[in-house]
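Enquirer: So the sequence lines, in the order shown, correspond to chains A and B. When we follow this note's numbering, the leftmost residue of the first sequence carries the number 22, and every step to the right adds one. When we follow this note's numbering, the leftmost residue of the second sequence carries the number 47, and every step to the right adds one.
Just so you know, these hints were derived from the structure itself, not from any lab. Hints are not guaranteed to be accurate.
[As the list claims (entries may be wrong)] Some, not all, of what chain B presents toward chain A, calculated at C-beta under 7 Å:
1) LEU70
2) ARG73
3) GLU76
4) ALA91
5) ARG102
6) LEU108
We put the CB at the ideal spot given by N, CA and C, even for glycine.
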Amino acid sequence: MSILIALAGNQNCGKTTLFNQLTGANQHVGNFPGVTVEHKEGKIRGEKDMSVVDLPGIYSLSPYTPEEIVSRDFIIQQNPDAILNIVDATNLQRNLYLTLQLIELGKPMVIALNMMDEVRSSGISIDIKKLSEEIGVPVVPISAAKNQGVEELVEELRRVVRARQLPARTDFCEGEVHKALHAAKHLIEDHAAAAGYPARFAASKLIEGDEPLEAVLELDESDKDILQHIIDQMEEGTGTDREAALADMRYQFIEQLYDACVSQKSMTREMQRSVKADRILTHKIWAIPIFIGIMALIFYLTFGPLGGSLSGAFEDAISFATDAASNALSDAGVSLWMHSFLIDGVFTGVGTVLSFLPVIVILFFFLSILEDSGYMARVAFVMDSSLRKIGLSGRSFVPMLIGFGCSVPAIMSARTLASERDRKLTILITPFMSCGAKVPIYALFTAAFFAQNQALVMISLYLLGIVIAVLTGLLFKKTLFKGNPVPFVLELPAYRLPSLKSVLLHMWEKAKDFLVRAFTIIFLASIVIWFLQSFDFQFNFVTDNSQSILAGIGKAIAPVFAPLGFGSWQASTALITGLTAKETVISTLSVLTGGEQMLGTLFTPLTAYSFLAFVLLYMPCVAAVATTKREIGGKNALLTILYQTLAAWVVAFIIFQVGSLILGG
Amino acid sequence: MHTLDTLKPGESGVIGTVGGQGALRRRLLEMGLTPGTSVMVQKMAPSGDPIEIHIRGYQLTLRKEDAAEIEILSGDAAEQAARRRSRHRFRKGGGQA
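If we strip away everything but chain B, and leave its shape as in the complex, we get (with noise of 0.2 Å):
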């Protein structure tokens, strides 16, 4: 499995399982860190960890043991769970039930 941590500053991809538990795995969604969202590496603190990423138009930085538990998809896969993030279209008036 391709994860958050393989990748290098620059390189972007999109996520797909979000993986841990407890508060860390809480706070990763909480921070935008959803399935079907697309994420940049920006780059690595001066050892090589943590490593800073771009998500949702901000900066974040969390540590590579971390990261590692975010799987990050390519080709067919990430376009698929792109797709299904846009499938339900904003409605005019909003508000459902």
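So that you can see chain A by itself, here it is in the shape it has in the complex (with noise of 0.2 Å):
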């Protein structure tokens, strides 16, 4: 018989942690059941018969946020033999608030009480077995980010799920809210054991106020009333609401736990180390000098040194093999198109995804250390309010930062947001922001047209693409977007030195997860272009690229960027190879207008500020597109790269009519 362990607990509070320490490398990423929240699953070292699955993290079990319905639907639905519920001992009273929700849930439990490490060398001790006795949970003490007690931990649920051992209490109040409780309980246990609820856990809810919940149950008419005038009686007794005495009753029994078991109530030494370190890292003038100055070494670790070389060494190898290929493929004197399918296409196409991979790799290994050591956390407390007036929250600012080395790890990034909202408004404007590949297509224009002001153009260009950014959040805040944003209340957790382990795992995850679900919409986009740059109508292989059906699709579709000033089919066509990779734009450029001093012959300066202006705001690459369809789904991708196409064309329309009839007159 395999058992299966439902991990859940608070952020913040070490969970992923614990699993890496549970699993090991023997993790998959799964997806719930239609929604975007996804999974972590893994079988537990040394124990082949046991799996657990990682809940998203939680702080209770409302029906406000999708991690927290899925955390309650998989529990009830997918029937785990047990509940770990993962504690941290530095910040018990608010850790054990989700706890005992968990207890009602009626299912074999398992506390760990992580950070243990951090309590005991900061003076304080927590009478464990009181603690066990009183919540009627047996508890574990542990330190996740130590490996300490971990097997023990498992020895325990072993023993949990063999002795079928519930929670020996699930009453923690009484008075009129106990009162409630129980003639609520009785009111509903037939509908909730139809619809598979454990009842005291309805009745606790439907009290609280969950409309999901209530509808699922089916409850008549005369129920309704009845459960109505339960709760009316219960709020004249506590004179208080419905949400209000509950959460004051489970934080009753709370605090009077906490008074009972734990010997000192001081902050831990990591926490007051906290609060001195922010008196600098969110100090009123030093915030955000200091958050810049951080990501700008990200950045130029990234793109730079690290990541430049990275990136060389692997465009090398690439080359290397390519040639290689090439050679090999010449020797055995395949046909000529086949032998530019392989090279052209299969080559390119592979070469494309794999060029992404750098970036990829370091960016996450830096961002997960600020994400783990509780920095990001600060980042949203100081730039909340600037991006407030966008409709968006602190959080979404480092996926914008991000966007402007690469949109497919700043899409990505987007996925710690804690609303789908901002999730999915984010992912729209951050590739607005003008990532590395738009560069040398600025470089070369700039060049070209704007010799004096090379850098004014460029800056303006940057900005253009925040202008509209903005624009788009001012625009959407109010219409599209509207909906219920997730209250902006977060916890600054105490700093903590990231290990090592779960910034490789994350990484390696990021990687893997890029690898397998971008590769074949990138592979097969870049075979696509290759075969319409490489055929002509009737199909045959031509090497002159005037000829091909990608320059006929170019014709075809030029009359829409006439009106932008730039209705040539040369540039038409590099509009669409850049879909490849932006920075194909400039060498389909120069091949179909034969070299790049032609540039001239296609375009005026107020043209090429146009077309430079519809390159930076037009859908980003397909390996972009390709994240955005795997992080928001693909309706979504589709709308918001209509959108950008179309946001791009109105700005360039605009400049061109607009610049045409200033410099006209």
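Build the complex: two chains, separate frames, hints provided.
Expert: Take a look at the structure:
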């Protein structure tokens, strides 16, 4: 018989660290059915029959966030053999709030009391035995980061599962709330059983106010009336409303428990140290310069020497392999088109995919350090007010900033955002940041057309992207993304040294994620572009690009761009090939016009600027599109690229038309 | 009414009622901002908003507009609220009904 354990706990309580300790690298990522929230699953090391599912970090089992909903649905529908609730011993009160709700689910359960090393070294002692007795669930003290107590924890889990040991108590209160809970429990017992919910859990959720659950239980009108009456009586008796009454009930029990079990009510050394560190890191004046400094350093390392040499080595390896293959194919005497297919199509496609890897790996190495150390929460705290104006919260700042390097990791990093709404909006506007691949295009055009003001024009393009991103935020804040933003109520966890293991695992996960999910789309797109470039409409292999299908398509869509000032078929063809990677715009233009110095025959300074604005804003490369699809789904990805391309057209139109008026008049 | 957003860094108080509605209010309660709890304002973000508070032994940040929904009691009312909380002492052996 195989045993399934559900790992649940707050954010920042060391849940991922414990999961990594339990499973090693033996884990895989999956999505919960129907939602974009993902979970990780793995076999426990040395225990072939035990697997554990890492549920999202949550503070409660309310029906307000997808993370909370999937967590409770998972426990109720997948019926795990036990719940492993990880609790941060340095932040006991708030962590136990979730514990009390998990207990109501009526499953065998074990509490892993994490960070005990920090508690002990700070001279605080927790009476584990008493804690366990009072709460009615076995408690195992551990330190996930130091891998202490994890074996005992697994043993305890096995024992609890074997004995099917349920929590010893589900009642944590007396008086009015207690009365109401009991009355509600009796009232809805049959409905709860029919819907597969534990009656006690259903009762407290109904009293607290939980519309989705109320709908599932299918109460009839008279039951609803009685329930309302129960709630009214409780509210009258406690002098407060239903939500506050239950929260208060749980916290009252927790406070008593805390007083009885914890020797010394002071902060841990780590927390005191964090408060001191924050005197500088979130300082009124220094906070923002320090943050910019840290990001600049990460950027420098990722796109500068470290990433640059890694990318260079990658490119060398790819071109070496390509050359070797090319020679081998020539020696073998394969046909010209087959040679082109393998070299220009397959090898180029693979090369494109791989070229993103160094950046992703290095960037996520640093980002997970920032995340795991607790600094990311401070970034959100410091940057929140500036992003709130465009309907986002402080957390969105990091993806947007990474967007200046590369949209692919930027879009991937949006996954840590608290709400789906924030994720979608951030992913929509992130590609408006001038990514690294656009820079060569800017450089070439500004050198050719704005030799006097090259830097100024470049800066104006960066600013244009930011302005359009801000305008997009303002536009959608009040319309499309109106909805309910997830409240910005964020914990600032104590600073901790990230574990290398967690950081490396995270890095590996992101790289794998990108390779597995993006490979097909990017690869196929490269092959399609190769095909369109290499064949004419009679499907004859052509060496002259101007005869290709792609050129034909370019000619067909060129009129669309005429009002923007660049209606030539060469320009529109370059925009299509730019989808494989933006910098390809240059090579295509130079091939089609017979050299970069011939750009002057296609563009004037005004149309060149309009073209650059379009290149900046229109849909990102297929790698970014594939990542967008992965993060927010196909339909949303399609809407996103349609909006981006439309925005690009409108902006370029305004630039060209207004520019013509001014210059012409 | 005195509210949490009006406290200056270093000042503390006792929470009275928690206003607001929906997900925000529920989240505030869940994070431990329940009536009778003492809270201290630690600092403000560089732009003065959001604020950082110390509650139940940990640090939490929330926006000023949301903090304005939280009533802060002072003087007698605060003492009363705090006393109400400690009314039910923990019984040895725990567990009722």
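Enquirer: Can you name, in rising order, the numbers of the hints this structure does not satisfy?
Expert: none
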